[in-house]
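Protein chains: 4
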Amino acid sequence: MIPRYSRPDMVAIWSPETKFRIWYEIEAHACDAQAELGVIPKANAEAVWKAKDVEFDVARIDEIEAVTKHDVIAFLTHLAEIIGNEDARFVHQGMTSSDVLDTTFNIQLVRAADIIIADLEALLDALKRRAVEHKDTVRIGRSHGIHAEPTTMGLTFARFYAEMDRNLARMKVARQEVATGAISGAVGTFANIDPAVEAHVCEKLGLTPEPISTQVIPRDRHAAFFAAMGVVASSIENIAIEIRHMQRTEVLEAEEFFSKGQKGSSAMPHKRNPVLTENLTGLARLVRMAVVPAMENVALWHERDISHSSVERNIGPDTTVTLDFALARLTQVIDKLVVYPETMMKNMNKFKGLVMSQRVLLALTQAGVSREDAYRLVQRNAMKVWEQGADFKTELLGDAEVTAALSAEEIEEKFDLGYHTKHVDTIFERVFGKS
Amino acid sequence: MIPRYSRPDMVAIWSPETKFRIWYEIEAHACDAQAELGVIPKANAEAVWKAKDVEFDVARIDEIEAVTKHDVIAFLTHLAEIIGNEDARFVHQGMTSSDVLDTTFNIQLVRAADIIIADLEALLDALKRRAVEHKDTVRIGRSHGIHAEPTTMGLTFARFYAEMDRNLARMKVARQEVATGAISGAVGTFANIDPAVEAHVCEKLGLTPEPISTQVIPRDRHAAFFAAMGVVASSIENIAIEIRHMQRTEVLEAEEFFSKGQKGSSAMPHKRNPVLTENLTGLARLVRMAVVPAMENVALWHERDISHSSVERNIGPDTTVTLDFALARLTQVIDKLVVYPETMMKNMNKFKGLVMSQRVLLALTQAGVSREDAYRLVQRNAMKVWEQGADFKTELLGDAEVTAALSAEEIEEKFDLGYHTKHVDTIFERVFGKS
Amino acid sequence: MIPRYSRPDMVAIWSPETKFRIWYEIEAHACDAQAELGVIPKANAEAVWKAKDVEFDVARIDEIEAVTKHDVIAFLTHLAEIIGNEDARFVHQGMTSSDVLDTTFNIQLVRAADIIIADLEALLDALKRRAVEHKDTVRIGRSHGIHAEPTTMGLTFARFYAEMDRNLARMKVARQEVATGAISGAVGTFANIDPAVEAHVCEKLGLTPEPISTQVIPRDRHAAFFAAMGVVASSIENIAIEIRHMQRTEVLEAEEFFSKGQKGSSAMPHKRNPVLTENLTGLARLVRMAVVPAMENVALWHERDISHSSVERNIGPDTTVTLDFALARLTQVIDKLVVYPETMMKNMNKFKGLVMSQRVLLALTQAGVSREDAYRLVQRNAMKVWEQGADFKTELLGDAEVTAALSAEEIEEKFDLGYHTKHVDTIFERVFGKS
Amino acid sequence: MIPRYSRPDMVAIWSPETKFRIWYEIEAHACDAQAELGVIPKANAEAVWKAKDVEFDVARIDEIEAVTKHDVIAFLTHLAEIIGNEDARFVHQGMTSSDVLDTTFNIQLVRAADIIIADLEALLDALKRRAVEHKDTVRIGRSHGIHAEPTTMGLTFARFYAEMDRNLARMKVARQEVATGAISGAVGTFANIDPAVEAHVCEKLGLTPEPISTQVIPRDRHAAFFAAMGVVASSIENIAIEIRHMQRTEVLEAEEFFSKGQKGSSAMPHKRNPVLTENLTGLARLVRMAVVPAMENVALWHERDISHSSVERNIGPDTTVTLDFALARLTQVIDKLVVYPETMMKNMNKFKGLVMSQRVLLALTQAGVSREDAYRLVQRNAMKVWEQGADFKTELLGDAEVTAALSAEEIEEKFDLGYHTKHVDTIFERVFGKS
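So the sequences go chain by chain: A, B, C and D. Per our numbering, residue 1 is the first one in the first sequence, and the count goes up by one each step. Per our numbering, residue 1 is the first one in the second sequence, and the count goes up by one each step. Per our numbering, residue 1 is the first one in the third sequence, and the count goes up by one each step. Per our numbering, residue 1 is the first one in the fourth sequence, and the count goes up by one each step.
A few of these clues could be false.
For chains that are exact copies, the list does not tell them apart, and a pair is met inside one copy or across any two.
What the hints assert, rightly or not - In the DMTMM-like style, the derived pairs of lysine to aspartate or glutamate whose C-alpha atoms are separated by at most 25 Å in a straight line are:
{"no.": "1", "residue 1": "Lys42", "residue 2": "Asp373"}
{"no.": "2", "residue 1": "Lys50", "residue 2": "Glu372"}
{"no.": "3", "residue 1": "Lys350", "residue 2": "Glu255"}
{"no.": "4", "residue 1": "Lys346", "residue 2": "Glu255"}
{"no.": "5", "residue 1": "Lys69", "residue 2": "Glu387"}
{"no.": "6", "residue 1": "Lys352", "residue 2": "Glu342"}
What the hints contain is simulated information worked out from the structure, not anything from laboratory work.
Could you build the full structure based on these sequences and the hints that come with them?
See below:
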C-alpha cells in the first residue's frame with residue numbers, strides 16, 4: 001500500500017482498529033446467540049457489550065501477541081482486560097480463530113466493494129456528463145492507430161460508460177461472492193457450536209451463512225472477487241491508454257487538466273504530460289497482479305492450510321486501496337479532461353477526404369461496379385492523397401472511370417459528415433436509456 | 001491444443017469448418033435484413049441461402065487467402081464461387097470484417113460455455129452422488145495437513161459440490177458476458193449499415209446486440225469470460241490436490257480408479273499413481289495462464305487494434321478445450337474414485353483420541369476451569385499421546401486435575417464420534433436443498 | 001501452436017518423429033555405456049544401432065500406447081519390433097521413463113534455444129544495419145508521448161539493438177540452464193544404473209549431467225528458461241509498440257513494408273495498418289503467459305509428481321514456436337521498415353522551436369538567472385508557442401528579461417540541432433564497439 | 001510491505017532517508033565531474049559536500065513537494081536550504097530528474113540483491129550442514145506421493161542446496177543486470193551533459209554506465225531482475241511444500257521447530273502446524289506476482305512514459321522485502337528442522353518390502369525372464385503386499401515362477417538398503433565438491 005496511491009476511507013477498512021472492532025462484534029453477537037441457545041449465561045453475553053464504545057489498544061494487543069504468538073488469543077486476552085476475566089470467560093466459546101478471521105476478511109472485502117461500487121458510480125456520472133457534452137463532437141475513429149471513419153467524442157465517452165457499467169455489475173456480483181460468514185468450528189462441522197450462532201452473527205453483520213465451510217470460507221469466492229477487480233483495472237487501463245494517445249503531441253485532441261502551479265518537468269517547462277493516465281496504466285498492472293495469486297490460493301490442503309493468509313494480508317488491502325485510488329483518479333481525469341474539438345477536426349482532415357473512401361467504395365459497388373474494380377478505383381485515388389497530398393474528392397471527380405459510375409452530386413454526398421453521426425442518438429439510447 | 005487433452009465436441013467448435021459456417025450464417029442473415037430494409041434486392045438475399053447445405057472448401061479458401069492476404073475476402077470470394085458472382089454481389093455490403101469475426105468469436109465462446117456448463121452439471125451429479133454415498137463415512141478433518149477434528153467424506157464431496165455449483169453460476173454469467181454480437185461498421189457508428197441488420201442477425205443467432213461497439217466488441221467481456229474459467233480451473237486444482245493427498249502412500253484414504261491392464265510405471269509395478277489428478281493440477285495452470293493475457297487484451301488502441309487477435313486464436317480454443325477436458329476427466333475421477341473408509345478410521349486413530357482434545361478443552365472451560373488452565377491440562381496429556389503413543393482418554397482419566405473438573409462419564413462422552421457428525425444433515429440440506 | 005504463427009524448423013523439434021529419434025539415441029548411447037561397464041552384452045548394445053537410420057512408425061507406437069497406456073513402453077515395444085526381441089532385451093535396463101523423457105525435453109529446449117539465439121542474431125544484424133543507416137536521421141525524442149528533445153532514429157535502432165543483445169546473452173544463459181541430462185533412476189540415487197551411463201549419454205548428446213536429480217530434472221531450470229523467453233517477448237513488445245506509434249496517422253514517421261498486392265482492409269483501401277507489430281504485441285502476451293505456470297511447475301511433490309507434464313506439453317512447443325516466429329517476423333519488420341525522415345523533421349517542428357526550451361533554461365541559469373526565474377521566463381514564452389502557434393526563438397528574442405541575460409547570438413545558438421547529436425558517435429561506439 | 005514479513009535492513013533500503021541520501025550522492029558526484037570538466041565552478045561542487053553528514057528532513061521535503069508537485073525539485077530546494085542558494089545553483093545542472101531517479105532505483109536494487117545474495121549464502125550453509133548431517137538417513141523416495149525407492153534425507157537437503165546454489169548464480173547475474181546508472185539527459189543524448197559525468201558518478205557508486213539509455217534505463221533489465229526473484233521464490237515454495245508434506249500427521253518425518261511457549265491453535269493444543277512453510281508458500285506467490293507487471297513495464301512509449309513508476313514503487317520494496325524475509329525464514333526452518341529418522345524407516349516399511357520391486361523386476365530380466373513376464377511376476381506378488389499386507393520378500397520366496405529364475409540368496413540381496421545408497425557420496429561430491 002503506497003500512501004500516495006491511497007485514500008483514507010479504504011485504508012481505514014484495513015486498519016488494526018477496524019479489524020479488532022469487527023472481531024469484537026463477531027464475538028459479541030456470537031455470545032448473544034450462545035446465550036439465546038442457553039449455552040452461556042445471558043449476563044455474560046450482555047457484559048461483552050460493555051466494550052461497545054471502547055477503543056481497543058492496538059499496541060497492547062501487539063504486546064500480548066508477542067508473547068502468545070497468536071493474534072486472536074491476544075485480542076481475547078485484551079478484551080478480558082477490559083470487561084474482566086469473569087465476564088469474558090464465555091467469549092469465543094466453541095469457536096475457532098478462523099471463524100473470526102475469515103468472517104472479518106469477508107466483511108472488509110464487502111466494505112471495500114461498497115467503496116469501489118460508489119467509485120464506479122461516480123465515474124459513471126462523470127463519463128455520462130462528458131458523453132452528453134460531446135455527443136456531437138466529431139473526431140476521427142481509428143483502427144490500428146490509423147484514420148478510419150468519423151465518430152464522435154461522445155461515443156468514446158459512451159463506450160467507456162457502457163464498459164464501466166458492466167464493471168459495476170461485476171463488482172456487485174463480486175460483492176455478493178464474498179458476503180458470507182462462517183462460524184462452523186475447526187473443520188466446519190459445527191461440532192462445538194450450533195449453526196444458529198453463525199446465522200445470528202451473519203444476519204447482524206449483513207452476511208449470508210456460508211452453506212458449507214471447512215476451517216475456512218472457500219477461496220474460490222475470493223478468487224472471483226479479485227478477478228473482477230482485475231477486469232475493472234483492465235478497463236481503467238483501456239481508458240487511460242485512450243487519453244494518453246489523445247494527449248500525445250501529434251494528436252493533442254485532449255489533455256489532462258493542468259493546474260497553473262504544476263511543474264511538468266524540471267527541465268522542459270512547456271510539457272504537459274499525461275502523467276495521471278500513465279500512472280493509471282501502472283496502477284492497473286498492480287491491481288491485475290493479484291489475480292493469479294488469488295487463484296493459487298483456492299487449492300488449500302484438506303480443511304485448510306494457511307498459505308493464503310500472507311497473500312491476503314497483502315492483496316486484501318493493496319489491491320482494494322489501489323483500485324479505489326485509481327477509480328477516483330480516473331473520475332477526476334474524466335471530469336476535468338480538456339477536450340479540443342478543433343484539433344479533432346483538423347486531425348480528421350489531415351489526409352483530405354480520405355476517411356470517406358469506405359463510402360465511395362460502397363457507392364461504386366451499389367452503382368454496379370464489381371467489388372474488385374471498385375476497390376481498385378478507390379485505392380488508385382486514395383494513393384494520390386496519401387502520397388501527394390491531393391484532395392480525395394477532387395481526384396474522384398477527375399477520374400473518368402469513377403464519374404462513369406457516380407455523378408458529381410453523388411460523389412459530393414459521400415463527404416457529408418452527418419452520414420456518420422446519424423445513429424449517435426440511437427446508440428446513446430442503447431447505452432443511457434431513453435432520456 | 002494438445003490432442004490427448006482434447007474432446008471432439010469442443011474441438012469442433014474451433015474448426016475452420018465451423019468458423020466458415022458461422023461466417024456464412026451471419027452474412028446470410030445480414031442479407032435478409034438488408035433486403036427487408038430495401039437496401040439490397042430480396043432475390044439476392046434469398047440466393048445466398050443456396051449455400052445452406054454446402055460444405056465450404058477450407059483448402060480453397062486458404063488458397064485464395066494466400067493471394068488476397070485477407071481471410072474474410074477469401075471466404076466471400078469462395079462463397080461467390082458457389083452461389084455465383086451475380087448473386088453474391090450484395091453479400092457483406094456495408095459490413096466490416098470485424099463485424100463477422102467478432103460476432104463469430106462470441107458465438108464460439110457461447111457454444112464453448114454451453115459445453116462447459118454441461119460439463120459442470122455432469123460433475124455436480126457425480127459429486128452429489130458420492131456425497132450422499134459417503135455422507136456418514138467418518139474421516140479426520142485436517143488443517144495444515146495435521147489432524148484436527150472428525151468430519152465425513154460426504155462433507156468433502158459436498159463442499160466440492162457447493163464450490164462447483166458456484167462455478168456453474170459463474171459460467172452462466174460468463175456466457176451472458178460474451179453472448180453479444182455487433183454489426184456496426186468500421187468504427188461502430190452504423191454509418192454504412194442500419195442497426196436493424198445487427199438486431200436481426202443477433203436474434204437469429206441467439207445473441208444480444210452489443211449496445212455500443214467500435215470496430216470490435218469490447219474486450220472486458222472476454223477478460224471476464226476467461227477469468228471465470230480461471231476460477232473454475234482453480235477449483236479443479238483444489239479437488240485434484242485433495243485426491244492426490246488422499247492417495248499418497250501414508251494416507252491412502254482413496255485411489256483413482258486403476259484399470260487392470262494399466263501399467264503404472266515401467267519400473268515399479270505396485271505403484272498406483274494419482275496421475276489423473278496430477279494431470280488436472282497441470283491443466284488448471286494451463287487454463288489459468290490465459291487470464292492475464294485476456295486482461296491485457298482489454299486496452300486496445302482507439303476503435304481497435306489487432307493485438308488481441310493472435311492471443312485469442314490461441315486461448316480461445318486452447319483454454320476452452322483444456323477446461324472441457326479437465327472437467328470431464330475430473331467427473332470420471334470423482335465417479336470412479338475408490339474410497340477406503342476403513343483406512344480413514346485407522347488414520348483418525350493414529351494418535352489415540354488426540355483429535356478430541358478440542359472437545360476436552362471446551363468441557364474443561366465449561367466446567368469452570370480457566371481457559372489458560374484448561375489449555376495447559378489438555379496440552380499436558382496430549383503431549384503424552386504425541387510423544388509416547390499413549391491413549392488420550394486413558395491419560396485424561398488418570399489426570400487428577402482433569403478428573404477434579406470432569407467425571408469419567410463426562411470424559412467418555414467427549415470421545416463420541418456422533419458429536420461431530422450431528423449437523424451433517426443440516427449442512428447437506430444447505431448444500432443440496434431439502435431431499 | 002497456431003500454424004500461421006509457426007515456422008517449420010522449430011515445429012520439427014516438437015514432432016513425434018524428433019521425440020522418438022531422441023529417445024532412441026538416449027537408449028542406444030545408454031546401451032553402449034552399459035556394455036562398456038559390462039552390465040549388458042556388447043553385441044546387444046551394438047544391435048540397437050541397427051535402427052539408426054530407421055524412421056520410427058509413429059502410428060504404430062500410438063497404437064501400442066493405446067493398449068499399454070505408457071508411452072515409453074510403447075516405444076520400446078516398437079523398437080523391439082524393429083531390432084528383434086532378443087537384441088532389444090537389454091534396452092532401457094535400469095532406467096526409468098523419466099530419465100528418457102526429461103533428458104529429451106531438455107534436448108528439445110536446447111535446440112529451441114539454438115534457433116532463438118540464431119533468430120536474435122539475425123534480428124541484431126537488421127537492427128545494426130538500420131541503426132547505422134539512420135544514425136544521423138534526426139527525430140524528436142518523446143517522453144510521455146510529448147515532444148522532449150531531438151534524438152536520432154539511429155539511436156532508436158541502437159537502443160533496441162542493445163536490448164536485444166542483452167536478450168541474446170540471457171538466452172545463452174537460459175540455454176545453459178537446461179542443457180543437462182539425467183539418467184539417475186526412479187528417485188535419482190543411481191541404484192540401478194551407474195552414473196557412468198548418464199555421463200556417457202550426456203557427453204554424446206551435448207549435455208552436462210544434472211548434478212543431483214530425483215526422478216526428474218529440477219524444474220527451477222525450466223522456470224528460468226521460460227522467464228528468459230518472457231523477457232525477450234517483452235522486448236519484442238517494446239519495439240512493436242514503438243513502430244505502431246510511428247505508423248499512426250498523425251505521426252507517420254515510419255511504416256511497415258506494404259506489398260503492392262496486399263489489401264489492408266476490406267473496407268478502407270487506403271489504410272496501411274501496422275498489423276505485423278500489432279500481431280507481435282499479441283504474440284508477446286502469449287510468450288509471457290508461460291512464465292507463471294513454468295514457475296508453478298517448480299514445486300513438485302517429493303521426488304516428482306507429474307503435474308508439470310501437461311503444462312510442458314503445451315508451453316514447450318507453443319512458447320518456443322511463438323517466440324521463434326515473433327523474432328523472425330520482427331526481423332522482417334525491422335529489415336524492411338519504411339522510414340520517413342522528412343516527416344520526422346516536420347513533426348519535430350510542430351511547435352516551433354519549443355523542444356529547445358531545456359537548452360534555453362540551462363543557458364539562462366548559466367547566465368546567472370536563478371533557477372526559479374529561468375523556469376518562469378522559459379515557461380512564459382513557451383506558452384505563447386503552445387497556445388498561439390508563435391515561434392519560440394522569435395518570442396525569446398523579443399522578451400526583454402531574456403535578452404537581458406542572453407545575447408541574440410547566444411539565443412540563436414540554442415537552436416542548433418548539432419548540439420543534440422554531438423554524442424551520437426560516442427553512444428554508437430558504446431553499443432556496437434569501435435568500428 | 002507487511003511489517004510482519006519484513007526485516008529492517010531491507011526495509012531501510014527503501015526508506016525516504018536512504019533514497020534522499022542516494023539522490024544527494026548522485027548530485028554531489030555529478031557536481032564534482034562537472035567541475036572537473038570546467039562546466040561549473042569547483043568551489044560550488046565542493047560546497048555540495050557540506051551536506052555530507054546532514055540528515056535530510058523528509059517532512060520538509062514532503063512539504064515542499066506538496067507545493068511544487070515534483071519530488072526532485074523539492075529535494076533540490078531542501079538541499080539549497082542546507083548549503084545555501086548560492087552554492088546550490090549548479091546542482092543538477094544539465095540533468096533530468098530521471099537521471100537521478102533511475103540511477104537511484106538501480107542502486108537500491110543492487111543493495112537489495114546484495115542482501116538476497118547473503119540470504120542465499122546463509123541458506124546454503126544451513127542446507128549443506130543438514131545435508132551432511134543426514135547424508136545416510138534413509139527415507140523412502142516418492143513419486144506421485146507414492147513410495148518408490150529408498151533415498152536419503154541428505155540427498156533431499158543436497159538437491160535443495162543445488163537448486164538454491166543455482167538461484168545464487170541467478171541472483172548474481174540479476175544483480176549485474178541492474179548495476180547500471182544513467183546520466184544522459186532528457187532523451188538520452190547527453191545533449192546537456194557530458195558522458196564523463198555519468199562515468200564518474202557510476203564509478204563512484206559501483207555501477208556501470210548504461211550503454212544507451214533514453215530518459216530511462218531500459219526496463220528489460222528490471223524484468224529480468226524480478227523474473228530471477230520469481231524463480232528463487234518458486235524454489236522456496238518447492239522446499240516449503242516438501243516440509244509441509246513431511247510434517248503431515250500421517251507422514252511426520254520432520255517438524256518445524258516448535259518453541260515451548262507457542263500455542264499452535266486456540267482450540268487444538270496438540271497440533272504442531274507447519275505454519276512457517278505454509279507461510280512461505282504464500283510469500284512465494286507474492287514474490288512471483290511481480291514478474292508479469294515487471295515484464296509489462298518493458299514496453300514504455302518512445303523515450304519513456306511513467307507507467308512503470310507506480311508499479312516499481314510497489315514491487316521494488318515489496319518484492320525484495322518479502323523475498324529477503326522468506327529466505328531468512330526458510331533458513332531458520334532448515335536450520336532447526338526436527339528430523340525423525342525412525343519414522344522415516346517406519347514409513348518406508350509400511351508396505352513390507354514393496355519398494356524393492358524395481359530391483360526384483362530388473363533381476364528377473366537379467367536372469368533371462370522377458371520384460372513382460374518379469375513385470376507380471378512382480379506385479380502379482382506386489383498386489384498381495386498391497387492388498388493383504390503380506391511381506392514382499394516372503395511372497396517372492398514362495399513363488400515358484402520367481403524362484404525358478406532367482407535363488408533365495410539373490411532375492412535376499414535385493415532387499416539390501418546399501419544398494420540404494422551406494423552412490424550418495426558420488427552425488428554429494430557432485431553437489432558440494434570434494435570434501
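So, going through the hints one by one against the coordinates:
1. Proximity of lysine 42 to aspartate 373 under the C-alpha cut-off of 25 Å is restricted to the inter-copy arrangement: shortest distance 24 Å between copies versus 91 Å within a copy.
2. In this assembly of identical chains, lysine 50 and glutamate 372 lie within 25 Å of each other by CA distance solely across copies; the values are 23 Å between and 85 Å within a copy.
3. Taking the shortest alpha-carbon separations for lysine 350 and glutamate 255, both the intra-copy value of 20 Å and the inter-copy value of 17 Å come in at or below 25 Å.
4. Both within a single protomer and between protomers do lysine 346 and glutamate 255 lie at most 25 Å apart by alpha-carbon distance, with minima of 16 Å and 22 Å respectively.
5. Proximity of lysine 69 and glutamate 387 under a CA criterion of 25 Å is satisfied inter-copy only: 23 Å between copies versus 75 Å inside one chain copy.
6. Taking the closest pair of Cα atoms, lysine 352 and glutamate 342 come within 25 Å of each other both inside a single copy (16 Å) and across two copies (19 Å).
Checked against the numbered hints above, the structure breaks none of them.
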